[in-house]
Amino acid sequence: MRKYGFFALTAAALLAAACSQQGPGESAAPAAAGTAAGAAGGAKVVGLALSTQNNPFFVELKQGAEQAAKEAGLTLTVVDAQDDPAKQIASVEDLIQKKVAVILLNPTDSSALSGAVQEANQAHIPVITLDRSVDNGQVASHIASDNVAGGGKAADFLRQALGNKGNVIELQGVPGTSAARDRGQGFEGALKGSGLRVIASQPANFDRAQGLSVTENLLQAHPDVQAIFAQNDEMALGAARALEGAKRDNVLVVGFDGTPDGMQAVKDGKLAATVAQQPGMIGRIGVQTAKSLIDNQPVEAKIAVPLKLVSKDAAP
Amino acid sequence: MPAAFSLNGAAAWMQRLGPLIGLLLLSLALSVLSPDFLTTGNLLTVLRQVSINALIAFGMTFVILAGGIDLSVGAILAFTGAIAAGLMAAGHGMALSVLAALGLGLLLGVLNGVLVSWGKVAPFIATLGSMTLLRGLTLSYTAGQPIAVGNGGFALIGNGYLAHLVPNPVIWMFIAFALGGFLLRGTVFGRHVFALGGNEEAARLSGVRINLVKLGVYGLSGLLSAFAGVVLTSRLYSAQATAGSGYELDAIAAVVLGGTSLAGGRGWLVGTLIGALLIGFLNNGLNLLGVSSFYQQVVKGAVILVAVLLDRRK
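Just so you know, the protein sequences line up as chains A and B, in that order. Numbering-wise (this note's numbering), the first sequence opens with residue 589 and increments by one. Numbering-wise (this note's numbering), the second sequence opens with residue 52 and increments by one.
Chain A on its own, in the form it takes in the complex (with noise of 0.2 Å):
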């Protein structure tokens, strides 16, 4: 008996205290999560959360962002989620918990980060959202590409190469995140009323492995196509390797993102076209918003990074 006496006893008292609990809408922060953001010494400490790092694009957007903490004096602290929603909140708690000055949020995910959002909020640390934005809590700024526009960018690029007729397949991003929803938004509206046609739309999920797969599946449905439009470059060079294998080569594919990647596929013609984000700039312009918040100087709502289309004719 004294062996599980103590599983007993443990059981009773944690189910006795569950009883007191409090009605629903109360959900308070711990007391010590309540300090006041920086408040330890030296450097100021900006946090950056990142989706992943398994992407040259996150990758180049933690770069720039890590050059402008050099250059402003900040120490910057980067952690990666690896995708995953429940992963990135726990790290956004452990910036809390480390009470950085800012925290830029790259979220994996728009509805499942508002609650982390909102324990920083009740932290008093402000969130400043990089390329995703966020469903709930109050964000300070957020900084994106202008994805509707860029989805617009590509279809108008496909409507003049093709000459205004044509079948498209679309290699969707993670569903869910803004820049999916935003490119799908903006490509699908530019070819409303003209003669090009997406006759499949599937998620690839922003991953290479899976564009290749999922194109190569695509075009065994759908051998009618003329042209391909992946909602990021990593899709796009899958896709690429798809149509190498099926010895399809009139087959146009435009990416989105501009890594350096995509830029050389471009170059080499593997790629008609890619809209070119600054993943760097959204970082280093993070960063300096970050800097202004700290300065207590006033930054805006919403700052769009531009984006350019990139072709064999047009090159940067």
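Honestly, the hints are just simulated from the structure, not real lab data. Since we're looking at a predicted model, the values are computed, not measured. You may find that some hints are simply not true.
Said to hold, decoys possible - What follows is a set of in silico ranges between Cβ atoms, one per label pair, in the way DEER data are often shown: (1) 856/A x 150/B: 23 to 31 Å; (2) 356/B x 809/A: 40 to 48 Å; (3) 804/A x 300/B: 24 to 32 Å.
Quick reminder that beta carbons are idealized off the backbone N, C-alpha and C, glycines included.
Following the hints, put chain B in place on chain A, whose structure we already have.
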């Protein structure tokens, strides 16, 4: 309890104390290295972070003790979480949705058990199959999109606090721990789990209905995974189609770090809690210290390997 299934002597004590000493050393090191580590707020935060993994790992402990393995836990978590969110999105109440998710988790676990016992499929293969199947079902049910949950009461399961201080998921973790500990140490079922993992043939000859015990452990694992799914869905205010990928490995790591033998028959639930805390402290501490996330994975992998190597030497 028969002597063959318990740990005896100094060596056995060392084996039990090993994970605890590891946890204490790690906490000590982190307290010295980071001023933000040893605060009430941070420790409660870590407890909440480990709660999901701990809930799954408690169930996994039973399965591993019985000589099996359950790779489908993360997929059950995602599927049941999506069902709970889907039911609420369709206008059903919170109680019904949560109970449906838990019942479904239990059922899916029992089905794993049927495959392993009467079906005589190797646990690794059976649960790999159900993992893949459930991942597919989850993706088709959610159409790959997150299902948002607006129910305020439901949100409290993962986000509320007890007495404005202790996060609710931590409460659920300790309740599951207490009940699980009782089940393992204080019931016939628990003794049969040890007997089955220690020597299946001997257990069968001594009258243990091994197929029923297998249904029990996989059912329990499914139930706890579903509960973790409910808590996570609440915590994220949404069910995610790809939630819980890789969670099976985190749970197995917690069980093994806690000193439970992968061969079955030897181990304890306290160790699993310690193992989950070890992983949680490591994640939290490396973030507080600002260690590059690339090296974080190297450190975590190395810790698991060292722990298992130490276990082998005993």
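Here is what the structure says about each hint:
1. Distance hint check: the CB atoms of residue 856/A and residue 150/B are about 58 Å apart, inconsistent with the given range 23 to 31 Å.
2. Between residue 356/B and residue 809/A the C-beta distance comes to about 45 Å, which sits within the given range of 40 to 48 Å.
3. Checking the proposed 24 to 32 Å range against residue 804/A and residue 300/B shows it holds: the Cβ atoms sit about 29 Å from each other.
The structure shown violates just one earlier hint, number 1.
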